[in-house]
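Here are the chains, one letter per residue:
Protein chains: 2
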Amino acid sequence: MPQLLRVQNFTVSSDGYGTGIGQTLERPFGHADPGKLHAWAFETASWPGRTDGEGSRGLDDYLVRDFPHNIGAEIMGRNKFGPQRGPWEDHEWQGWWGEEPPFHTPVFVLTHHPRPSFTLSDTTFHFVDGDPAKVLDRAREAADGRDVRLGGGVSVVRDFLDAGLVDTMHVAVAPLELGGGERLWESSDELLDRFHRDIVPSPSGVTHHLFWRK
Amino acid sequence: MPQLLRVQNFTVSSDGYGTGIGQTLERPFGHADPGKLHAWAFETASWPGRTDGEGSRGLDDYLVRDFPHNIGAEIMGRNKFGPQRGPWEDHEWQGWWGEEPPFHTPVFVLTHHPRPSFTLSDTTFHFVDGDPAKVLDRAREAADGRDVRLGGGVSVVRDFLDAGLVDTMHVAVAPLELGGGERLWESSDELLDRFHRDIVPSPSGVTHHLFWRK
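Residue numbers (our numbering), protein chains in the order written: chain A, 10 to 223; chain B, 10 to 223.
Simulated from the structure, these hints should not be mistaken for laboratory data. Hints are not guaranteed to be accurate.
Unchecked claim - DMTMM-like mimics (lysine to aspartate or glutamate), calculated; alpha carbons at most 20 Å apart, straight line:
hint: 1; chain 1: A; residue 1: K45; chain 2: A; residue 2: E186
hint: 2; chain 1: A; residue 1: K143; chain 2: A; residue 2: D131
hint: 3; chain 1: A; residue 1: K223; chain 2: B; residue 2: D61
hint: 4; chain 1: B; residue 1: K223; chain 2: A; residue 2: E63
Extracted from the complex, chain A is given alone in its bound form (with noise of 0.2 Å):
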């Protein structure tokens, strides 16, 4: 089996900006409602957080569901880490996944600026510096045969696009403009020399852009 480079769930705007503008440590998304932009997957029954035994199983579930199965490490860009920027000054602040990160798996933050490794519950965060490939590479031997997930945000998944490293993908299209921030692509259209891509709408409002390699 080949060890794929997934990325899973990744929500943008219909003007195609996965993060608003002004990331601080009280608004990891900006100026966007990160409520709004990811309503489609709190609503699900598969929703890690939702402990009411309620929610939809329809469209929306699957994908949500799809998000730990197979998936044996993740890489993620600082920014998705944390606010911080420059080298680290608070080693105590452990980032903004809390006690008990959803990812069960280890996790390689992308950043200039060398610091320890440490766990929370089942999750160990790394700190690494390289170029794409190489960093894929660490991941893949930590994911022990299993697959690695792309955790985003929008200049590390355009960056492993821009390498060629990018094996499946699925981007959540949210019904509401931000009109600024980071932006993943003007449209998926941009893509599709590289990819065969499904587009699928939700009813939930969301339209869900497969994409797998060609």
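Following the hints, put chain B in place on chain A, whose structure we already have.
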């Protein structure tokens, strides 16, 4: 976590038939061509019979690869096991599923005629009599906290629907007419009193009907 009873990847013709007329040993689907009916699944990268590393990884693949996830037992009708009717005469013949059945869990085959359990690879077939609720209790116990798959055929799915025991159901409607055989429905609207429904057309030509209990 509740233990759901789930119908997965159950394919019917556009006029609602899951099996054609005249099931025999050589033709498990009667006059229907299973290759045409299930073509949507065979084309995916995750179809278990695929060994060429090819296949689509879009919408249809999500549905196919969800098949084993969190499933701990299957319930199937006798006609999904084999073409015999009445008391078992040939105990040597061990069903349509070969030496490596694709279930990998206990399977409960509904029959009025007793027969000893047997194991092929990591699938054990049990032969059980009783009403749907009683058989589901047994399968739930065997599933050890995981969900139970209701594998069909048509009459078994209908019996469990009539008994109000089905929690989620995925039916793929293929773009071909059969004109006769075992019919699941005249229209999937028949289930809307009891289920939510997403209707999702796939670029491959099938339309996925996804139900979850109200």
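Index of numbered hints that the structure contradicts, given in increasing order = Of the numbered hints, just 2 does not hold.
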